[in-house]
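*Asks:* Knowing the structure of chain P, use the given hints to seat chain R on it.
Here the protein sequences come in this chain order: P and R.
Read in order, the letters of the first sequence correspond to residues 1 to 219 in this note's numbering.
Read in order, the letters of the second sequence correspond to residues 220 to 453 in this note's numbering.
Hints were generated in silico from the structure; no laboratory data involved.
Fair warning: there could be bad hints in the mix.
To be verified - Which residues of chain P face chain R? A few of them, derived with a C-beta cut under 8 Å, are:
1) V123
2) L124
3) G125
4) F126
5) Q130
6) Q139
7) R142
8) E175
Here a beta-carbon is modelled for each residue, glycine too, at the ideal position from N, C-alpha and C.
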Amino acid sequence: MIDITIIQEYAPQFIAGIFLTLHIAIVSCCIGIIVGSFAGILLSQRVGIVRWLIMGYVTIIRGTPMLIQVAAMYYMLKFAGYSITAFWSAIISIGLNSGAYMSQIVLTGIKSVAKGQLEAAKVLGFSRHQTMWYIVLPQAVRAVIPAFGNELVTLVKDSSLASTIGVYELTKQGEIVMSQTFDAPTVYIVVGGIYLIITTILSLIVSWLDKKMQYHAQH
Amino acid sequence: MLSIKNITKKFHGKAIINDVSIDVMPGQIVVLLGQSGVGKSTILRVLSNLEQVDTGTIELDGASLDFKKVGMVFQDFNLFAHLTVLENLTLPLVSVAHVQPDQATKIAHEMLQRFNVASKASSYPMSLSGGQKQRVALARALCMQPKVLCLDEPTSALDPLLTSEVANIITQLAAQNIMIIIATHDIGLLENLSCIIYLMRDGKIVERATTDQLAQQPESFKFIKHFMQGKVVV
Numbered sequence: 001m002i003d004i005t006i007i008q009e010y011a012p013q014f015i016a017g018i019f020l021t022l023h024i025a026i027v028s029c030c031i032g033i034i035v036g037s038f039a040g041i042l043l044s045q046r047v048g049i050v051r052w053l054i055m056g057y058v059t060i061i062r063g064t065p066m067l068i069q070v071a072a073m074y075y076m077l078k079f080a081g082y083s084i085t086a087f088w089s090a091i092i093s094i095g096l097n098s099g100a101y102m103s104q105i106v107l108t109g110i111k112s113v114a115k116g117q118l119e120a121a122k123v124l125g126f127s128r129h130q131t132m133w134y135i136v137l138p139q140a141v142r143a144v145i146p147a148f149g150n151e152l153v154t155l156v157k158d159s160s161l162a163s164t165i166g167v168y169e170l171t172k173q174g175e176i177v178m179s180q181t182f183d184a185p186t187v188y189i190v191v192g193g194i195y196l197i198i199t200t201i202l203s204l205i206v207s208w209l210d211k212k213m214q215y216h217a218q219h
Numbered sequence: 220m221l222s223i224k225n226i227t228k229k230f231h232g233k234a235i236i237n238d239v240s241i242d243v244m245p246g247q248i249v250v251l252l253g254q255s256g257v258g259k260s261t262i263l264r265v266l267s268n269l270e271q272v273d274t275g276t277i278e279l280d281g282a283s284l285d286f287k288k289v290g291m292v293f294q295d296f297n298l299f300a301h302l303t304v305l306e307n308l309t310l311p312l313v314s315v316a317h318v319q320p321d322q323a324t325k326i327a328h329e330m331l332q333r334f335n336v337a338s339k340a341s342s343y344p345m346s347l348s349g350g351q352k353q354r355v356a357l358a359r360a361l362c363m364q365p366k367v368l369c370l371d372e373p374t375s376a377l378d379p380l381l382t383s384e385v386a387n388i389i390t391q392l393a394a395q396n397i398m399i400i401i402a403t404h405d406i407g408l409l410e411n412l413s414c415i416i417y418l419m420r421d422g423k424i425v426e427r428a429t430t431d432q433l434a435q436q437p438e439s440f441k442f443i444k445h446f447m448q449g450k451v452v453v
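Only chain P is shown next, with the shape it has when bound in the complex (with noise of 0.2 Å):
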């Protein structure tokens, strides 16, 4: 079923695929944080106006399509007259996507953090600041780090959109290798293969952290 001389063969276009697609996942990731980690901070303080543009920036992400959401930036960009390679859309459009999914883990981290203790910070001096900083943050990040690691493997798949953009990733490589030799079970298995191998090792390293963390919490 599988022919193993296409794998030898076509071997440096999917290596080539698996580093852009890990390229995308990774700073696409980094965007989601940034974006996230600032949108959940912010919905979490309720301030009026800002409160309700991030709520729309998530109902919009959350309520299309994430192939129209690539597709939407990379055109829309070039519309607007911006130089973007097809490859940074992507990156953004994906970051942003992840951003709102990651706003929402963020909030649900901050809420999960006992009300006693931000008492506690305010009696012995505080600030606000000091503590969503020293206080909040830290107990967040450990209490969301499986929706997160959900996330990282979801952000991982969802990459393969950029190939609806031309971006040469994982799945397009598989387009490409499957349009010279035919051959759509290997290529699709060997492609599926790569995902499912990635995705289980960032979810062994995201089990491994957690676990990690929860034990030290504990001792």
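*Replies:* Just chain R now, with coordinates in the frame of chain P:
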């Protein structure tokens, strides 16, 4: 002197604290006694700036109360779960009181030794017993050198032996001229303290007595006496 004058606090139109006045001298222990929900803890929360009064004034040594001079030990201790015992003490010292980290560590270690929890310095709150958490919470509050110390149900999670121990600690703190206000319904704690008791009901103070007065003339303080006997006077 801490002077609480005619304070009132309402929640949704209902007075939780109703025209309460209390004076506390340095070294005095004041116990707010009463059933759950009568407003004892709310008075402590007002003193700790966690709630604002609707009317009335609170003064410390003739000036409006500076909340930085108030320490609070919560019923649930509220230790910072992600920090070690030592860090629970040093973080406020460094971040709020701007003490140098080395000095903060020294102060924290001394405080932990004083409360017999020095061996737990590197432990996390989750691994401590109720009594140990209580002592760490006390140590954390005292590191900030408060003039007024509020203790909310300090013995609710402790056995009788530890209750007696906490009473000894409170007495020692009062001897250092700290004004101590305790909200409790634990009669066991009262039996181990020399203090002024304010019995509260429906947000009001209905009776005041010192422990000496109570011992000499228990019949003169029927509300407190009956509360301690587990009876309700209507």
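*Asks:* Give a verdict on every hint.
*Replies:* Hint-by-hint comparison with the structure:
1. V123: holds, 4 Å
2. L124: Because about 4 Å separates L124 (chain P) from the closest Cβ in chain R, which is inside the 8 Å limit, the hint holds.
3. G125: It holds, given that the least Cβ distance between G125 (chain P) and chain R is near 4 Å, below 8 Å.
4. F126: holds, 6 Å
5. Q130: Holds - the Cβ of Q130 (chain P) comes within 8 Å of chain R, reaching about 6 Å at its closest.
6. Q139: Cβ of Q139 (chain P) sits 5 Å from chain R, so the hint holds.
7. R142: holds, 7 Å
8. E175: This interface hint is violated because 47 Å lies over the 8 Å limit.
Of the hints listed earlier, the one the structure fails to meet is number 8.
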